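There are 2 protein chains.
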Amino acid sequence: MQCYKLTLAYDGTRYSGWQIQPNAPSIQQHLQEVLAMLLGEKQIAVIGSGRTDGGVHALNQVAHFKTARECDLNRLLLSLNALLPHDIRVKKLEMAPLRFHSQYSAIGKEYHYQLYLERVMDPFRRLYSWHVLRPLDLPLLKEAMPLFLGTHDFTSFANEPQKGSVSKNPVRTLRRLDFCAMEGGGRLEFEGDGFLYKMVRNIVGTLVEIAFHRLLIPQILSIFQARDRRLAGRAAPPQGLFLVKVDYPADHLLKESTPIPF
Amino acid sequence: MQCYKLTLAYDGTRYSGWQIQPNAPSIQQHLQEVLAMLLGEKQIAVIGSGRTDGGVHALNQVAHFKTARECDLNRLLLSLNALLPHDIRVKKLEMAPLRFHSQYSAIGKEYHYQLYLERVMDPFRRLYSWHVLRPLDLPLLKEAMPLFLGTHDFTSFANEPQKGSVSKNPVRTLRRLDFCAMEGGGRLEFEGDGFLYKMVRNIVGTLVEIAFHRLLIPQILSIFQARDRRLAGRAAPPQGLFLVKVDYPADHLLKESTPIPF
Numbered sequence: 001m002q003c004y005k006l007t008l009a010y011d012g013t014r015y016s017g018w019q020i021q022p023n024a025p026s027i028q029q030h031l032q033e034v035l036a037m038l039l040g041e042k043q044i045a046v047i048g049s050g051r052t053d054g055g056v057h058a059l060n061q062v063a064h065f066k067t068a069r070e071c072d073l074n075r076l077l078l079s080l081n082a083l084l085p086h087d088i089r090v091k092k093l094e095m096a097p098l099r100f101h102s103q104y105s106a107i108g109k110e111y112h113y114q115l116y117l118e119r120v121m122d123p124f125r126r127l128y129s130w131h132v133l134r135p136l137d138l139p140l141l142k143e144a145m146p147l148f149l150g151t152h153d154f155t156s157f158a159n160e161p162q163k164g165s166v167s168k169n170p171v172r173t174l175r176r177l178d179f180c181a182m183e184g185g186g187r188l189e190f191e192g193d194g195f196l197y198k199m200v201r202n203i204v205g206t207l208v209e210i211a212f213h214r215l216l217i218p219q220i221l222s223i224f225q226a227r228d229r230r231l232a233g234r235a236a237p238p239q240g241l242f243l244v245k246v247d248y249p250a251d252h253l254l255k256e257s258t259p260i261p262f
Numbered sequence: 001m002q003c004y005k006l007t008l009a010y011d012g013t014r015y016s017g018w019q020i021q022p023n024a025p026s027i028q029q030h031l032q033e034v035l036a037m038l039l040g041e042k043q044i045a046v047i048g049s050g051r052t053d054g055g056v057h058a059l060n061q062v063a064h065f066k067t068a069r070e071c072d073l074n075r076l077l078l079s080l081n082a083l084l085p086h087d088i089r090v091k092k093l094e095m096a097p098l099r100f101h102s103q104y105s106a107i108g109k110e111y112h113y114q115l116y117l118e119r120v121m122d123p124f125r126r127l128y129s130w131h132v133l134r135p136l137d138l139p140l141l142k143e144a145m146p147l148f149l150g151t152h153d154f155t156s157f158a159n160e161p162q163k164g165s166v167s168k169n170p171v172r173t174l175r176r177l178d179f180c181a182m183e184g185g186g187r188l189e190f191e192g193d194g195f196l197y198k199m200v201r202n203i204v205g206t207l208v209e210i211a212f213h214r215l216l217i218p219q220i221l222s223i224f225q226a227r228d229r230r231l232a233g234r235a236a237p238p239q240g241l242f243l244v245k246v247d248y249p250a251d252h253l254l255k256e257s258t259p260i261p262f
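If you read the sequences in order, they're chains Z and B.
Taking my numbering, I'd label the letters of the first sequence as residues 1 to 262.
Taking my numbering, I'd label the letters of the second sequence as residues 1 to 262.
To be clear, the hints were calculated from the coordinates, so they are not data collected in a lab.
Check before you lean on any hint, since a few could be wrong.
One copy or two, it doesn't matter: identical chains are merged, so the pair holds either way.
To be verified - Derived SDA-like pairs (lysine to any residue); straight-line CA-CA distance at most 25 Å: (1) K245 <-> R119; (2) K255 <-> E160; (3) K255 <-> L231; (4) K42 <-> P22; (5) K91 <-> Q239; (6) K91 <-> D122; (7) K66 <-> I107; (8) K168 <-> T13; (9) K168 <-> Y197; (10) K91 <-> A235; (11) K142 <-> G194; (12) K142 <-> L76; (13) K92 <-> E183; (14) K142 <-> Q43; (15) K92 <-> M121; (16) K91 <-> R125; (17) K245 <-> L127; (18) K91 <-> L136; (19) K91 <-> H131; (20) K91 <-> E33; (21) K91 <-> D137; (22) K66 <-> V120; (23) K91 <-> R187.
Keep in mind it's a predicted model, so treat the numbers as computed, not measured.
Based on the sequences and whatever the hints tell you, model everything.
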């Protein structure tokens, strides 16, 4: 038995999300089907570092699977990309120890959320950002950001996990939250040890409420304290969100697993 | 009667091109239908600066139309964008003199062509670049570029115009041709007084043949001289091509036409 680590990029537009669901296209299902076919196995379980919702994108999602079949890493990577839809790409395929688990071994994650603020939407960004049409008070948004940094109980910023999700400790540590200006808008960058369900989108929605002057900065503290999801802002729409990176301990791969040359 | 200049961005993926065709979705048709509806006219002819093929994109295509109906520029811009599909956006709406013609008044154009050269395609660029999988000799490609600069008979790099196209003088002046490195590949930037049908894609295809070592640099001169389309490289695929800018004389707009504030 051998464990393999997959690094994936996908455009979430056409999918109902990462996770397999009946009668809805998912990234996990495509990967499982193609891997089972290529490895000649009845079924291959592909476990992701976390679920992304419908419309959410990934630049470097991580997943793992186990198989006893022998694999040529290079050939398997090429075959996967030949058979997967063009909006799902396997960027890397590496060997990991059997104890590696894409979700439980993760020690950090990075998400970006893109805002588009011009009057007329750029048609090339329509599927990759939230078009906020009302003027935003950006200095106020930036002033509110540090209140989310550090270790907190994020219950007020987390939705109930979907059926089948493991119930979780609601305390998370947000290590970095930056606003980076981009042409036509900006990008909120989140780095932390982990994120609750819809936590990034709920924080973005709350920051935008503040920048609309519909919520005051001091209210954030009472929202945290209330541990009540209904008090925070509405979730920002999915298409602005990108899972950018999943971090693991430095020694999480098998030594024999070298990068594949061109 | 008043003439209006439209500046448009569109994602060409879903369209069979700019021009109206029976039983195929076109950008021109959407614009004509929405404008006729908004202006309460039976028909509005929207004339573009040039045709873009199916899959080709535009950052600033220019078109014009004429109407005797009174227009509030600001309201019409908002209404157009409210009714057009999200992959077609009107960026500007300005008043031009009646003599203005988006095609015949143009004095220059800029096109970009994006190449993606990494082994695994970036899923977010799949619809906006040509994925060239074989290694390219980029220094050789750059060495060949200056041979296309200046004034030439470009017959060997032009396809027969589509039915209904005006037959054209095949002499054009290419003022600028640069290669700009981008993450994962590069962009060829073309600026000239005008371009024949498929000229940019045919030059890109020829440059890539040179960078594959399948065509030699001195052959370019004989290809020019032969005035025979069959000798040059195959057209590069449409999805890498962007119409970036159409230039007009400085005084081509009416003075009353000021930019619309947010």
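The hints, checked one at a time:
Taking identical chains as interchangeable, the C-alpha atoms of K245 and R119 lie at most 25 Å apart only when they sit on different chains, with a minimum of 20 Å there against 31 Å within one chain. For the identical chains of this complex, K255 and E160 are neighbours neither inside a copy (39 Å) nor across copies (57 Å), given an alpha-carbon limit of 25 Å. Taking CA atoms no more than 25 Å apart as the test, K255 paired with L231 passes in neither setting, with 48 Å inside one copy and 51 Å between copies. For a Cα distance limit of 25 Å, the shortest separation of K42 from P22 inside one copy, 19 Å, qualifies, whereas the shortest one across copies, 47 Å, does not.
Both within a single protomer and between protomers do K91 and Q239 lie at most 25 Å apart by alpha-carbon distance, with minima of 21 Å and 22 Å respectively. In this assembly of identical chains, K91 and D122 lie within 25 Å of each other by CA distance solely across copies; the values are 9 Å between and 28 Å within a copy. Proximity of K66 to I107 under the C-alpha cut-off of 25 Å is restricted to the intra-copy arrangement: shortest distance 21 Å within a copy versus 61 Å between copies. For the homomeric pair K168 and T13, neither the shortest alpha-carbon distance inside one copy (28 Å) nor that between copies (42 Å) is at most 25 Å.
Taking the shortest alpha-carbon separations for K168 and Y197, only the intra-copy value of 10 Å comes in at or below 25 Å, while the best inter-copy value is 60 Å. Proximity of K91 to A235 under the C-alpha cut-off of 25 Å is found in neither arrangement, the shortest distances being 30 Å within a copy and 29 Å between copies. Proximity of K142 and G194 under a CA criterion of 25 Å is satisfied intra-copy only: 22 Å inside one chain copy versus 46 Å between copies. Taking the shortest Cα distances, K142 and L76 never come within 25 Å of each other, neither inside one copy (45 Å) nor across copies (35 Å).
Within a single copy, K92 and E183 get their C-alpha atoms only as close as 30 Å, which misses the 25 Å cut-off; across copies the closest is 18 Å, which meets it. When the C-alpha separation of K142 and Q43 is checked against a cutoff of 25 Å, the pair qualifies neither within a copy, at 48 Å, nor between copies, at 49 Å. Within a single copy, K92 and M121 get their C-alpha atoms only as close as 34 Å, which misses the 25 Å cut-off; across copies the closest is 12 Å, which meets it. For a Cα distance limit of 25 Å, the shortest separation of K91 from R125 qualifies both inside one copy, at 23 Å, and across copies, at 14 Å.
In this assembly of identical chains, the alpha carbons of K245 and L127 lie at most 25 Å apart whether taken from the same copy (20 Å) or from different copies (23 Å). Taking the closest pair of Cα atoms, K91 and L136 come within 25 Å of each other only across two copies (21 Å); inside a single copy the shortest separation is 36 Å, beyond that limit. Proximity of K91 and H131 under a CA criterion of 25 Å is satisfied inter-copy only: 15 Å between copies versus 29 Å inside one chain copy. In this homomeric assembly, K91 and E33 come within 25 Å of each other (Cα to Cα) only inside a single copy, at 18 Å, whereas the closest approach across copies is 43 Å.
In this assembly of identical chains, K91 and D137 lie within 25 Å of each other by CA distance solely across copies; the values are 24 Å between and 38 Å within a copy. Taking the closest pair of Cα atoms, K66 and V120 come within 25 Å of each other only across two copies (23 Å); inside a single copy the shortest separation is 47 Å, beyond that limit. In this assembly of identical chains, the alpha carbons of K91 and R187 lie at most 25 Å apart whether taken from the same copy (24 Å) or from different copies (22 Å).
Hint compliance for this structure: hints 2, 3, 8, 10, 12, 14 are not met, and every other hint is.
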